[in-house]
Amino acid sequence: DTGVSQDPRHKITKRGQNVTFRCDPISEHNRLYWYRQTLGQGPEFLTYFQNEAQLEKSRLLSDRFSAERPKGSFSTLEIQRTEQGDSAMYLCASSLVYGATSYNEQFFGPGTRLTVL
Amino acid sequence: SQQGEEDPQALSIQEGENATMNCSYKTSINNLQWYRQNSGRGLVHLILIRSNEREKHSGRLRVTLDTSKKSSSLLITASRAADTASYFCATVRTGANSKLTFGKGITLSVRP
Numbered sequence: 001d002t003g004v005s006q007d008p009r010h011k012i013t014k015r016g017q018n019v020t021f022r023c024d025p026i027s028e029h030n031r032l033y034w035y036r037q038t039l040g041q042g043p044e045f046l047t048y049f050q051n052e053a054q055l056e057k058s059r060l061l062s063d064r065f066s067a068e069r070p071k072g073s074f075s076t077l078e079i080q081r082t083e084q085g086d087s088a089m090y091l092c093a094s095s096l097v098y099g100a101t102s103y104n105e106q107f108f109g110p111g112t113r114l115t116v117l
Numbered sequence: 001s002q003q004g005e006e007d008p009q010a011l012s013i014q015e016g017e018n019a020t021m022n023c024s025y026k027t028s029i030n031n032l033q034w035y036r037q038n039s040g041r042g043l044v045h046l047i048l049i050r051s052n053e054r055e056k057h058s059g060r061l062r063v064t065l066d067t068s069k070k071s072s073s074l075l076i077t078a079s080r081a082a083d084t085a086s087y088f089c090a091t092v093r094t095g096a097n098s099k100l101t102f103g104k105g106i107t108l109s110v111r112p
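Chains A and B, in that order, are what the protein sequence lines are. With the first letter of the first sequence counted as 1, position 33 gets the number 33 in my numbering; the numbers rise by one all the way through. With the first letter of the second sequence counted as 1, position 100 gets the number 100 in my numbering; the numbers rise by one all the way through.
Hints were generated in silico from the structure; no laboratory data involved. For clarity, every value in this text was computed on a predicted model and none was experimentally measured. Note that the Cβ used here is the ideal one computed from N, Cα and C, for glycine as well. Among the hints, a few may not be true.
[Unchecked claim] Using 20 Å as the maximum straight-line C-alpha spacing, the simulated SDA-like pairs for lysine to any residue come out as follows:
(1) Lys56/B x Ala78/B
(2) Lys26/B x Arg93/B
(3) Lys11/A x Val116/A
(4) Lys99/B x Ser66/A
(5) Lys99/B x Ser73/A
(6) Lys104/B x Ser12/B
(7) Lys99/B x Leu60/A
(8) Lys11/A x Pro110/A
(9) Lys99/B x Pro110/A
(10) Lys11/A x Glu83/A
(11) Lys99/B x Asp24/A
(12) Lys99/B x Glu52/A
(13) Lys104/B x Glu44/A
(14) Lys99/B x Glu28/A
(15) Lys57/A x Lys71/A
(16) Lys104/B x Ala10/B
[To be verified] From the structure, some residues in chain A lie toward chain B, with a derived Cβ separation under 7 Å:
(17) Pro43
(18) Phe45
(19) Asn104
(20) Phe108
(21) Gly109
(22) Gly111
The shape of chain B in the complex, shown without the other chains:
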């Protein structure tokens, strides 16, 4: 079963704008990861944040984690048309030994 719920389900923005995507989950986690999937292809790992971390940066990506609210956000700054893809949050539950549980994903469209 799906662990997380991403919000919004779809997002359309202009190139250069920032994109914020949210993820909520249900159980205690060890870590949370964000992945990107281009149409019909495999997933690409973007960033991992541990349960004892609150914020992490990687290039134009910023991820926050609030374990008290069981939620995370992914911010993509200065978006580009190439960022158009589906984005998934995935959690590793406490004791789950690295198995990923994915949400349904967010479809991001960046208009040139």
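Next comes chain A alone, as it looks inside the complex:
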């Protein structure tokens, strides 16, 4: 399967613990995005990378959140000192973008569902 993959698919943790999610994009894609989706809502943008550079972060991404894409391939999203409000589906997407174009479809992974007890 050459689509976007995410690991783990489900994560249950206790409040205050740290969690880390991984996303493997489609191999030739240079852009990678993280979104968060809560029940009954559409996904909300968190951050995105162009190759290894993190180009934009949403205000939703508090200091407890950090994302990396060290070699321009896979990415990790870490949440420190988790809170119950962090419970959500975390979606990763990738796309291939040439130059400054914004006309690109994003390919989404299956998501990681986080439950904070």
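On the provided structure of chain A, position chain B as indicated by the hints.
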């Protein structure tokens, strides 16, 4: 924050009927995209329409865009039970450099 509002929030139709879903948005956009999400899964891209386009077709899908009214519609013709899913419109704002801003989504149920 959510950019778009889809209408209706939920739609139930019989197999074979057409389904029309509407989306309104607030800011100037570069393009608008529709995505489908099956229960508890990732999103699948359906169609992209640029701000200088008015209508686009892809198989059983027809999308229109009216930038003067800041609205779009998605028409699914001859619906099938497999079309049952949540549908989201997402916009790329002018200057937003491909970041997607989603609406809350429409739940479509197609009865066999």
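Practice prompt. Output the numbers, in ascending order, of every earlier hint that fails for this structure.
Written response: none
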